[in-house]
Structure formats: structure tokens, C-alpha cells
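Colleague: Keeping their order, the protein sequence lines are chains Y and H. If you use numbering that gives the first Met the number 0, the first sequence closes out at 239, no skipped numbers anywhere. If you use numbering that gives the first Met the number 0, the second sequence closes out at 323, no skipped numbers anywhere.
If you're looking for bench data, these hints aren't it; they were derived computationally from the structure. Nothing here was measured: the structure is a model prediction, and the numbers come from that model. Treat the hints with care, since some could be wrong.
[To be verified] Rough simulated footprint, nothing fancy, chain H against chain Y, three-plus residues with beta-carbon under 8 Å:
#1 13-27
#2 148-156
#3 199-209
#4 226-239
[To be verified] In silico EDC-like cross-links for lysine to aspartate or glutamate, where the CA-CA straight-line distance does not exceed 20 Å:
#5 Y:K231 with H:E69
#6 H:K74 with Y:E92
#7 H:K58 with H:E122
Glycine residues also receive a C-beta, built at the ideal position from the N, C-alpha and C atoms.
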Amino acid sequence: MSRAVLIARRELSAYFRSPLGSVVIASALLLDGILFYWRSLSQRLLSGEALAEFFWWTSGVTITAALFLAMRLVAEERQTGTFTLLNTAPLREWEIILGKYLSVFAMVLILQLLSLYMPLLLLVNGKVSLGHIAVGYLGEVLLGGAAAAIGLFASTLTRSQLVSIVVGAAIVVVMLVFWVLAQAIDPPLNKFLAAAALHHANFRPFQFGILELGATAYYLSVAYLFLLGAVKILEARRWR
Amino acid sequence: MIEIQELCKYYGQRRAIGPLSARIEKGEVIGLLGLNGAGKTTTLRVLACDLLPSSGTVKVGGIDVVERPEEVRRKIGYLSDRPPLYDEMRVREYLQFAYELRGKSSADGKKRVPAVAERLGLERVIDDPVFSLSHGYRQRVGIAQAVVHEPELVVLDEPISGLDPVQIVEMRALVRQLGETHTVIVSSHILSEISETCDRLLVLRDGVIVASGTEEELSQSLLEGIRIELTVRAESSDLARILGVLRAIPDVGSAGAIAALERGARVQSFEIQAKRDVREQVGVSLLQAGFPLLAMQRTESELEDVFLRLAGGTRPNAAKSEVS
Numbered sequence: 000m001s002r003a004v005l006i007a008r009r010e011l012s013a014y015f016r017s018p019l020g021s022v023v024i025a026s027a028l029l030l031d032g033i034l035f036y037w038r039s040l041s042q043r044l045l046s047g048e049a050l051a052e053f054f055w056w057t058s059g060v061t062i063t064a065a066l067f068l069a070m071r072l073v074a075e076e077r078q079t080g081t082f083t084l085l086n087t088a089p090l091r092e093w094e095i096i097l098g099k100y101l102s103v104f105a106m107v108l109i110l111q112l113l114s115l116y117m118p119l120l121l122l123v124n125g126k127v128s129l130g131h132i133a134v135g136y137l138g139e140v141l142l143g144g145a146a147a148a149i150g151l152f153a154s155t156l157t158r159s160q161l162v163s164i165v166v167g168a169a170i171v172v173v174m175l176v177f178w179v180l181a182q183a184i185d186p187p188l189n190k191f192l193a194a195a196a197l198h199h200a201n202f203r204p205f206q207f208g209i210l211e212l213g214a215t216a217y218y219l220s221v222a223y224l225f226l227l228g229a230v231k232i233l234e235a236r237r238w239r
Numbered sequence: 000m001i002e003i004q005e006l007c008k009y010y011g012q013r014r015a016i017g018p019l020s021a022r023i024e025k026g027e028v029i030g031l032l033g034l035n036g037a038g039k040t041t042t043l044r045v046l047a048c049d050l051l052p053s054s055g056t057v058k059v060g061g062i063d064v065v066e067r068p069e070e071v072r073r074k075i076g077y078l079s080d081r082p083p084l085y086d087e088m089r090v091r092e093y094l095q096f097a098y099e100l101r102g103k104s105s106a107d108g109k110k111r112v113p114a115v116a117e118r119l120g121l122e123r124v125i126d127d128p129v130f131s132l133s134h135g136y137r138q139r140v141g142i143a144q145a146v147v148h149e150p151e152l153v154v155l156d157e158p159i160s161g162l163d164p165v166q167i168v169e170m171r172a173l174v175r176q177l178g179e180t181h182t183v184i185v186s187s188h189i190l191s192e193i194s195e196t197c198d199r200l201l202v203l204r205d206g207v208i209v210a211s212g213t214e215e216e217l218s219q220s221l222l223e224g225i226r227i228e229l230t231v232r233a234e235s236s237d238l239a240r241i242l243g244v245l246r247a248i249p250d251v252g253s254a255g256a257i258a259a260l261e262r263g264a265r266v267q268s269f270e271i272q273a274k275r276d277v278r279e280q281v282g283v284s285l286l287q288a289g290f291p292l293l294a295m296q297r298t299e300s301e302l303e304d305v306f307l308r309l310a311g312g313t314r315p316n317a318a319k320s321e322v323s
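In isolation and in its complexed conformation, chain Y is listed as follows (with noise of 0.2 Å):
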């Protein structure tokens, strides 16, 4: 565990020593800052209507911003040769793959905090309850936590972070979809697919500060399922 640690450490501080960290969690608190004033403040609505709907749109940034920085995680090192560094250290495969992971999740949680004016704006200024903006935080954070996750499960199946990102993006998007298909066909596939959407039926409780543990599982189960894939393909390469 001590070592996943050291491996979280060096990735978080790669993250603010080149311009990848910097310029996607710039980039998302952009676009959240424009969508905050777009979808929330320019409607006229209720303030917790307009928490809602801030959260609703700054999943999707998380969910892309999650990708953006995971895509580098494994692709980058197994470009550069760093990779065999890490492979031949007394490390097993699920450290390396934890310390990867910590520090994406720790980027997520920056960016995170770092979009907590916004609903501290309504908070202040409307009639928002903390419960609603912590239970909408968590739900962003198990997203994020997930997509991080997928993001870096792509990342492991290539030495190119373009391939990592499309491979990632397919991914979410395909999960995304679910609950479309899950209207287009019959049960009990249907109720099978819209409980595994990534988004829809899982996030929206979440976006409305209900906080269920149905959705709570469901998002932890992704990420680890997609974290125990990474760990796969890592024990398999070093058959190849």
C-alpha cells in the first residue's frame, strides 16, 4: 500500500509539473463556470432546481475531464519506457494500478473543490441545503471516480494516450447509451441495462441530493471492475 502511495505522489506531482493537469482542470472549471451561468443562473428558476442542474451539467465535465487525465496513466509510461521502471521494481500489478488510480481520484477531488463556489454561490444567495450540495458532490465524485477508472483501464490496453482516450471515450459513451436502449427494448434486459447506465437512472438521485445506496454500489462496482481489468491486462503483458 505504501508504495501505491509512492506511486500516487510522483503521478500527482507529473500532473502540476506538466501542462496536462493544469490545463484540464482549467479547462473544466471554464466550462462549468460557463454552463453554472448558461443552464442555472440565466433561467429563472428555484435555487434548488438550479443546484440540480448545475450538477447535471458539471457530470459531464467531470466525466471528460476524468478521461482527459487518465489517459495518460499507463499509454504515456509504456511510450517513454518509463513503464519498465515500475515493472521491474517489487511491486505487484494492483499497486501499481492503485497509485495510478489515487492520483486521477485526487485530480477529480481538486476539481472538485475547486467548482464548490458555484453551489456556494446558491447557498448563499438562494435557498439551497448543505445536504443537497454534499450528496450532488458525492454522486460527482463516484462518477468521476468510475469514469477515472475506465479512463485508466483504456489506458492500459495502448502505449498511445490518443488511442487511450477514444478507447475510454467509446467506453462511457456505449455505458451512456444504456438507458436509451434500455427504452428501446423489452424486460428484463430493459431494467438490466438502465441499472447499468452509467448516468441517467444512477446519477439523477445524486443530482437531487437523494442519496441512495443503490447507485453508490453502482458506481463503486464500475470503478472496480474496470481497476480489476487494469490489473488483468498489466499481469497478462508480461506473458506476451
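The hints should help you fit chain H onto chain Y, whose structure is shown.
Modeller: The following block gives chain H in isolation, referenced to the frame of chain Y:
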């Protein structure tokens, strides 16, 4: 220290190495030689537990690389053909990171890193970012990360590649220095780069060890006897006659004409492969046949010839013309 038995590694259907068997004793400095694509890097990656073998066994310090890879990796420091350097880090923090990554404590690292930097001549750049280093320094930092945790076995994949002549001399000295405290395996596709630094050479061709031994052992076993080059005053029409004279000398294995070693008219040069030193008889025989001898010298059996023969499957001096 290392036991390799019937090691094979496949990439898909293609066999990259094997079957390969070797034994390396503790404290040896081994040179792994082969042309590009011979399987050197794959062999070293298996030894460093970067890759796992398709079949066969590899044991480092008695520990199997498949059964307990983490334990094996603790004993190994590995420099790949491209040093695994994080450009945005400073040399000191990179080495500290590499040290702690091997399960060592941060406090010990703070003492160990400056000592390793000093040993490898990195004091001047220890607080510089890695991206600002020259190629030679990058190689040194790469070696430093491989030895910072004091491994028993140091594996260096082409550490001399791309260095300038001064850096090559320094790197050879460095490898020799490492050999005093570690078992070292160093690979290269250029024989002269490592022949001076290694106790023993393993020559790889098509993923198989085709020869093993010291420089002298390889020379003696593969180059028969000695080679003599000579230049005589003769017309080109006399070539066949001169070759007849040379081949008639006892213990001369082969004789052939080569490009003239001296300028001037009526100058012909020849090369002889003989089981023993036959220079006296050559001189006498040529004089008796009426061909004045201008020059004659014995050329030592060059290791490069051995290497080319073994690694490339080509005959030494194949480019030189022969007149039968």
C-alpha cells in the same frame, strides 16, 4: 547466482529466444553479445522479471522468476535500452523514488542517493531536472537507478549505445567498478565495447547461445591458428603461381589474394591461414620462387572476427577476394 534452463520466449507464434541454458556465477561480469534482433533484450527482460518465460526455468539466487517474481526483482537492478527516466523530476528525487519503489525506507534513501550519485559522477547534476541532462548523464542516471537499492545482480541493456568515445571509456570503467560489488550482465551488439570489461562472453544468435567463454577461449576455439598478411613484388599474372608456392608450405590451411596493402606497380598482397607461425618458410619459399618479399606481418585473431562468425553466421574476411 543465475540458472537458466531451456528458456524459451515466444511473441505470438514467433520464437524470440530459446531453448537457452546458461549458468552465471556470483560476482561475474558477463557480456551478452548479439546482433540486433538476436534476443538480447528479451533475455534480459526475462531475467529482470519484466517478461515471464513461455517455457523453461530461470532462477536468480535460487528463486524462480515465475513463482516468486517480487523476490527476484528485489535482487535485481535493471537498465533497459532506453533509460526509464521521468523527465519532469530532478535527479535526486528520481533516485529517491527509485529507491523507495524497491521497498526501502525514505530515511535510508536520503543517505544512499547522494552516495550513489557521487559514485556515478552525478554530483554536479543531482539537483537538475532530468530533461536537461545530456545523453551520457541520462545513461548514468539510468545506471544509478539500477544500483541505488544495492541489488545483487545488475542487468544493463546496451548501456554504451549512443555514447561518445570519452563517455564510452568512462562507461567501461563504470561497469568494471560495478563488477567489484555486483554480478553484472551487460549487453551490446558491438563486441569491442564490452570485451574489455567482461569476465565471460555469451554470444546469442537467433535467440540461442552459440558460444560462451572468455575472449581468448573464443578466439582459440574458433579461429584456427594464425593469420599472416604479406606483400610481394610480382605481376598480377603470377598470382596463381605464388598461391601455389604458399599452399605448398606445410601447415598452411588456406591462402588467398587480397587487395594490395601497399601502393605501387607490381605489388601483390596475400593472406594465409596457418596452424602455426610459418613466416620463415614463407620468406624462404617466396625467395626461392623468385618473388621478392616487401612486407609480412602476423595479424592477431581478432575477437570481432569471432563475433561476426558466431553472431552473424558469416565467415571472417568473407569480403576479401580469394583466388583459387
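Colleague: Honestly, which of those hints from before does the structure not fit?
Modeller: 2, 3 and 7
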